[in-house]
Amino acid sequence: MKFRVLPFVWLTFSGGGVVAAVFLPVLVVLLAFALPLGWVDPSHAHLEGLVQSWFTRIALFALIVPMLVHAAHRFRYTVYDGLQVKHKVLVALACYGGAMVLAMAAFLVLTTV
Amino acid sequence: MSAPVTRVPSYQRRIGVFWWVHKRSYFLFVMRELSSIFVAWFVVYLLMFVAAVAGGQQRYDEFLDRATSPLLLVVNAVGLAFLVLHTVTWFALTPKAMVLRLGGRRVPGTAMLAAQYVALAVVSAFIYWLVVKA
Chain A
1 MKFRVLPFVW
11 LTFSGGGVVA
21 AVFLPVLVVL
31 LAFALPLGWV
41 DPSHAHLEGL
51 VQSWFTRIAL
61 FALIVPMLVH
71 AAHRFRYTVY
81 DGLQVKHKVL
91 VALACYGGAM
101 VLAMAAFLVL
111 TTV
Chain B
1 MSAPVTRVPS
11 YQRRIGVFWW
21 VHKRSYFLFV
31 MRELSSIFVA
41 WFVVYLLMFV
51 AAVAGGQQRY
61 DEFLDRATSP
71 LLLVVNAVGL
81 AFLVLHTVTW
91 FALTPKAMVL
101 RLGGRRVPGT
111 AMLAAQYVAL
121 AVVSAFIYWL
131 VVKA
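Protein chains in written order, with my numbering: chain A, 1 to 113; chain B, 1 to 134.
Check before you lean on any hint, since a few could be wrong.
Stated by the list, open to error - With a Cα cut of at most 35 Å, we get these calculated DSBU-like pairs of lysine-lysine:
hint: 1; chain 1: A; residue 1: K88; chain 2: B; residue 2: K96
hint: 2; chain 1: A; residue 1: K88; chain 2: B; residue 2: K133
hint: 3; chain 1: A; residue 1: K2; chain 2: B; residue 2: K23
hint: 4; chain 1: A; residue 1: K2; chain 2: A; residue 2: K86
hint: 5; chain 1: A; residue 1: K88; chain 2: A; residue 2: K2
hint: 6; chain 1: B; residue 1: K23; chain 2: B; residue 2: K133
hint: 7; chain 1: A; residue 1: K86; chain 2: B; residue 2: K23
hint: 8; chain 1: A; residue 1: K86; chain 2: B; residue 2: K133
No lab work stands behind these hints: they were computed from the structure.
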């Protein structure tokens, strides 16, 4: 049987879609609004303990990678079909390449901080 | 010898860049797809937050300060709107994309829809507790 990569891309796309739908809204409300605007005020020490735990870092990486694949896969078709940029290979390379660069950046941030 | 192949130019209708603005359903479709930009942006934002928190009290305070700039607030508010569109459309699509059977009977779409919103509420409450209360 020939190995095909596309089913795995679609699977990760779906997984990332679920993660973005279920986990991301509350994170955005907290990190982009509630904390900066002072609606809630957890101490820095508490947050530091949270991000320094390996459980948090592994969980974040496991959530981030499928979300990046999801975004790249979706954006690829948005650019190709939506914006009619008919350079199939170039668009795919830019999208998945961008996701890979961001995944590596995430790995670096989550392992070094 | 094989027969010579005549290439017949096929007719391809040209579609403009803004083919999706004239119909509501097309417009919503493209808006839904564009939510991907903001998913990527919020991943970056989340990483910047983690880096700032790990960088100590001062860097964290600077991060919060910058996050209250009008530009970032507007970008994040627009992004959140796109994210909500993603969540609502994604949940609505799930029962159509997959058939779930329990005890030989098909789980109705409305039950699957409700289960997803319950999952959203549970996960949101857990993360809120983790960040704010724990």
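Checked hints:
Restraint check: the Cα-Cα separation between K88 (chain A) and K96 (chain B) comes to about 28 Å, which is no more than 35 Å; the hinted pair holds. Note on K88 (chain A) and K133 (chain B): the hinted pairing is violated, with a Cα-Cα distance of about 48 Å set against a maximum of 35 Å. Our distance criterion of 35 Å between C-alpha atoms is broken by K2 (chain A) and K23 (chain B), whose separation comes to about 41 Å. Proposed proximity of K2 (chain A) and K86 (chain A) is supported: the alpha carbons are some 28 Å apart, at most 35 Å.
Restraint check: the Cα-Cα separation between K88 (chain A) and K2 (chain A) comes to about 23 Å, which is no more than 35 Å; the hinted pair holds. At most 35 Å may separate the alpha-carbon atoms for a hinted pair to count; K23 (chain B) and K133 (chain B) exceed this at roughly 46 Å. About 22 Å separates the Cα atoms of K86 (chain A) and K23 (chain B), which keeps this hinted pair within 35 Å; it holds. A hinted pair counts as satisfied when its Cα atoms are at most 35 Å apart, and K86 (chain A) with K133 (chain B) does not qualify at roughly 50 Å.
Violated hints, listed in ascending order, are 2, 3, 6 and 8; each of the other numbered hints is respected by the structure.
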